[in-house]
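Read top to bottom, the protein sequences are chains A and B.
In this text, residue positions in the first sequence follow the working numbering: the first is 3, and each later residue adds one.
In this text, residue positions in the second sequence follow the working numbering: the first is 3, and each later residue adds one.
It is possible that some hints are incorrect.
[Unchecked claim] Listed below are several chain B residues computed to face chain A (Cβ distance under 10 angstroms; list not exhaustive):
1. R80
2. P231
3. L267
4. M270
[Unchecked claim] Simulated pairs of lysine-lysine, DSS-like, Cα-Cα distance not exceeding 25 angstroms:
5. B:K132 with A:K132
6. A:K22 with B:K97
7. A:K181 with A:K97
Don't read these hints as lab results, they were simulated from the structure.
Bear in mind the structure is a predicted one, so any value in this text is a computation, not a measurement.
Every residue gets a Cβ at the ideal spot worked out from N, C-alpha and C, and that includes glycine.
Protein chains: 2
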Amino acid sequence: MQPRITDITSPANPVLKSLKSLNDRRGRREAGQFLAEGLRVCTEALSAGHVPETLLFTPEAERHPLTADLIEATWQARGTILRTTPDLMQRLTGKDNAQAVAAAYAIPDISLAGLRRDAANLWLVAENLKDPGNFGTMLRTCDATGAGGVILLDQSCDPFSLEAVRASMGALFSRQVAKASGPEFFAWLRGAPGQLVGAVLSDRSVDYRAHAYQAPCFLLMGNEQAGLPDDYAAQCDALVKLPMIGAADSLNVAVCAGVLLYHALDRMPARQAV
Amino acid sequence: MQPRITDITSPANPVLKSLKSLNDRRGRREAGQFLAEGLRVCTEALSAGHVPETLLFTPEAERHPLTADLIEATWQARGTILRTTPDLMQRLTGKDNAQAVAAAYAIPDISLAGLRRDAANLWLVAENLKDPGNFGTMLRTCDATGAGGVILLDQSCDPFSLEAVRASMGALFSRQVAKASGPEFFAWLRGAPGQLVGAVLSDRSVDYRAHAYQAPCFLLMGNEQAGLPDDYAAQCDALVKLPMIGAADSLNVAVCAGVLLYHALDRMPARQAV
Chain A
3 MQPRITDITS PANPVLKSLK SLNDRRGRRE AGQFLAEGLR VCTEALSAGH VPETLLFTPE
63 AERHPLTADL IEATWQARGT ILRTTPDLMQ RLTGKDNAQA VAAAYAIPDI SLAGLRRDAA
123 NLWLVAENLK DPGNFGTMLR TCDATGAGGV ILLDQSCDPF SLEAVRASMG ALFSRQVAKA
183 SGPEFFAWLR GAPGQLVGAV LSDRSVDYRA HAYQAPCFLL MGNEQAGLPD DYAAQCDALV
243 KLPMIGAADS LNVAVCAGVL LYHALDRMPA RQAV
Chain B
3 MQPRITDITS PANPVLKSLK SLNDRRGRRE AGQFLAEGLR VCTEALSAGH VPETLLFTPE
63 AERHPLTADL IEATWQARGT ILRTTPDLMQ RLTGKDNAQA VAAAYAIPDI SLAGLRRDAA
123 NLWLVAENLK DPGNFGTMLR TCDATGAGGV ILLDQSCDPF SLEAVRASMG ALFSRQVAKA
183 SGPEFFAWLR GAPGQLVGAV LSDRSVDYRA HAYQAPCFLL MGNEQAGLPD DYAAQCDALV
243 KLPMIGAADS LNVAVCAGVL LYHALDRMPA RQAV
């Protein structure tokens, strides 16, 4: 049997509208889905076992063999398969140079209880991380370094916004994500072995090269503006800082996390996260 | 004599309109100015010797002693001093939570000829860097590591867009920026001692920890999507890569630059850039 493909030619199409609603946090919550773009990202998702609930592509993209694989997998899983114009694709993602493939995926469980803690030696924890681009970039670095993923604390950004998914470059499908309050996280953390290392720019912190990183190691990063609150720093087994040579005494949080992850990886080889 | 402060209360005010034009590349080129926001950034700029050509603030910000310093310096330099409403400040910068201080500065010389090469041991060079956020983040990391700044090659982004200035968090005033074509840069580079190290994810590259970094060291980063072209890689004295443990074989360019800068700083202590 051939997969059934529905053509969408009008911006008023209700299915397209419901996909567009996934650009808002509320729409994602109501549908229990999020949107990802790009043949490469959707193909990596498929390799990691994530099948679209809805798949959307342009006629040109349809000719690509990787798109055929996505169509087949979506069909097998009884998902919705849609063909549309480049113009409507652009309306959906609000991007000038829109991708030729997009897909809606089920939002996974992101409770701490669902986290497979044994999967990796290194984890990022972020307190009140506001910028979805920073989150996605950090998750992407987790993929590169074999870290397990990112645990978002308190009033952090939505990890399933289009901006977060874009910046993660597919890492949302290969890494783990959890959301919790600070107290929930600390209780969970101390329920099993784990070293909590806070990144704090203060006199109490040691140079990041002087610390002995031990697996499993949880690197705790503070908010973009305010840094890590004192009571969160007090929960840490160690506080580290990066040298600041210049005028501003500040660093982008995703860059800081990247330097720490690669340094910890150097000192404490990560297992490939599974 | 008291500084003369002009009140701006209408969105149709021509001075406000000309400031707003600095949000566009064309407007910046025509005016020879760019816009920066925030009391902290403008104060850091002043410490580094950069005086606003036009200074703008809300009545609330006016009461801050650091704003008084900015007013005095702008007045001494015969600049324009403006007071406006939070609402108009928001219209100017298109930001929900607008800063209470903004200023227009003269765009500096960004030719290679104007670069003070002796100022630092470490430099970033970026080929076809498209994202102004990445550029600003990289410049901010240059400040943190004492690197001299960023040399942008070919069709890179405008370093003076509001997004670039925002991400740089004031580093635009403490670091150097240059723009050149690839051939111009290679000719300039080889006119004096300097080690060119390219970040390339290929079999020809060595692990970044295996390379002997030598001052002055120029770290060359490729385009966000395409990486470094082969003919640019061929110009390098060494090619390095970061380990890629995960599924995607990719890293955000600003994170990659950050890891390399902090590693090179560890191996080859940077002088404070002047």
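Outcome of the hint check:
1. R80: 26 angstroms, violated
2. P231: 20 angstroms, violated
3. L267: 7 angstroms, holds
4. M270: Violated, about 13 angstroms.
5. B:K132 with A:K132: The hint holds at about 23 angstroms.
6. A:K22 with B:K97: 24 angstroms, holds
7. A:K181 with A:K97: It is violated: about 28 angstroms lies between the C-alpha atoms, which goes past 25 angstroms.
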